[in-house]
Amino acid sequence: MASDQDRQQVTVLLEQALKQWHREAEPLALDEALPFLARQAKANWSGNSSRPTQQVVNQLLLNLLETLAEQDAGAATLLRRRYIDDKTGFAVANSLGISESAFYRQRRDALAALTALALNLEAQTRSDHVSRLEDRLETPSYQQLFGLDGLRSRLGQLLCNSSNIRLFCLTGIGGIGKTSLADAVTRDLIAAGCFDEVLWISTRQHQFTPWAEIQMGDAPSLTPDEFVVALDRQLHKTMSPPRPPEEILSTLKIQMAKQAHLIVLDNLETAADYQELMPVLRDLAQFAWVLLTSRVDMYEQPDIHITNLAELNAVDAETLVRSEATRRGIHDLAQAPSEMMTQIYEVVGGNPLALKLIIGQVHVRSLSTVLSDLNEARGRRVEALYEFIYRRAWDLLDDVARQVLLTMPLVAAPGTTIEHIIGASGLTYDEVDSGLDLLIRLSLVNVGGSLNNRHFYIHRLTETFLHKQVTKWQT
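The sequence shown runs 1 to 475 under our numbering.
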């Protein structure tokens, strides 16, 4: 709900805008006070003028007055005659058959009614906008980001300010938080109304067979044509006759030239993906802003703004461990002495996913045992450390939980229901429920969705290590 100060500010801006209806003047900050309504008016305005900002403001005012007329015809008529028809207060008072003093009282009330209407419509428009665009995102795999506040803010400002930089890329090792940061920044941009449209596309590194074997190849996981079609499908949910990708791309460019678009391409992981998709991404970046996440080194590309995610420092890593342990009800770990946190950090480092996997193991094993095992992994490369952690987690699973885990790569991102897992695994409801419970406690499966519609999914790195090692682990 808007504060009295906000209401007063909007009232002043609305009155100033009405006074400028017939006059050339400096643009008002109405688009800052009512950003979603202003963006909507701009999108719906198709006229040509040397003063487009003024015309958009006038269109916004006209929209508000038309809606006000449905609720309070007298207030709308008074404001129209005074400002749109450019009559004096004395003339309007005479036309309405009221005294001039009564006119000023009624004008004050009419402006208050216009303000209330504008704020209500702004809130509703914002809610609809946020809901529509967030539906295109995947289920967040995080509850809170650690150590990324400054980077999140800087990247968001660069994108929201429509900078000349059009291509952005978050790079870093697996599990470092690239997708989580991209998701958080994208949600910030949606909430702030920085873009008319936001599109989120995820590539898949591997194709999984129904018998849970991985098929790897040199071909890109997403071709340029598939990428263009995926963008079009997100923008237009209604079914339309198939069109050639070249025609779709041309239409997308026209739309993106008229409205601000952000394209997020998550998990551009392989050199094949990079080489295949960069030409079309550069083409689209002439009309839209593009944010990538990738493990591919792109530092030789001068037109891409590279942000490399480093591991968490010791302080942020400890904060993550304590926060996650508290959330999971592992009070001994949440309240463990700093020396123990230092021991974990010295072995695991500041990789968020690795830390969460370790926390998950403490759910079913003693902390001393986990730390003893970690000492065995000290100094290993990141991939070897992950393999070590995943192997320990695999050994803790019973046959049912293993079967549920092997089923997870077969379900569609951004997650699936327990009923879908039952159908894909052939297990009973009780078996899947029991298996998921153990997998969730071990941080091998994440939970998302709403309170009444839970969805389950696994991290991409879990998919990778699971299917690289599962044959060896089962022997």
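Treat the hints with care, as some may be off.
What the hints assert, rightly or not - Below are the PhoX-like pairs computed for lysine-lysine, each with C-alpha atoms no more than 25 Å apart in a straight line:
#1 Lys237 <-> Lys258
#2 Lys19 <-> Lys42
#3 Lys258 <-> Lys42
To be verified - Quick list of simulated restraints, FRET-style, between CB atoms:
#4 Gln8 <-> Glu419: 23 to 31 Å
#5 Gln275 <-> Ile165: 16 to 24 Å
#6 Gln9 <-> Asp437: 45 to 53 Å
#7 Lys19 <-> Asp72: 19 to 27 Å
#8 Arg108 <-> Thr139: 58 to 66 Å
#9 Asp4 <-> Glu300: 27 to 35 Å
#10 Ser372 <-> His331: 45 to 53 Å
Keep in mind that the hints were calculated from the coordinates and are not lab data.
Ideal Cβ placement from N, Cα and C applies to all residues, glycine included.
Hints, one by one, checked against the model:
1. Lys237 <-> Lys258: Holds, at roughly 20 Å.
2. Lys19 <-> Lys42: Given that 25 Å is the threshold and the Cα spacing comes to 20 Å, the pair holds.
3. Lys258 <-> Lys42: 10 Å, holds
4. Gln8 <-> Glu419: 23 to 31 Å: 52 Å, violated
5. Gln275 <-> Ile165: 16 to 24 Å: 22 Å, holds
6. Gln9 <-> Asp437: 45 to 53 Å: 51 Å, holds
7. Lys19 <-> Asp72: 19 to 27 Å: Given a distance of about 21 Å, which is inside 19 to 27 Å, the answer is holds.
8. Arg108 <-> Thr139: 58 to 66 Å: Violated: the Cβ-Cβ distance is about 49 Å, outside 58 to 66 Å.
9. Asp4 <-> Glu300: 27 to 35 Å: Violated, at about 55 Å.
10. Ser372 <-> His331: 45 to 53 Å: 21 Å, violated
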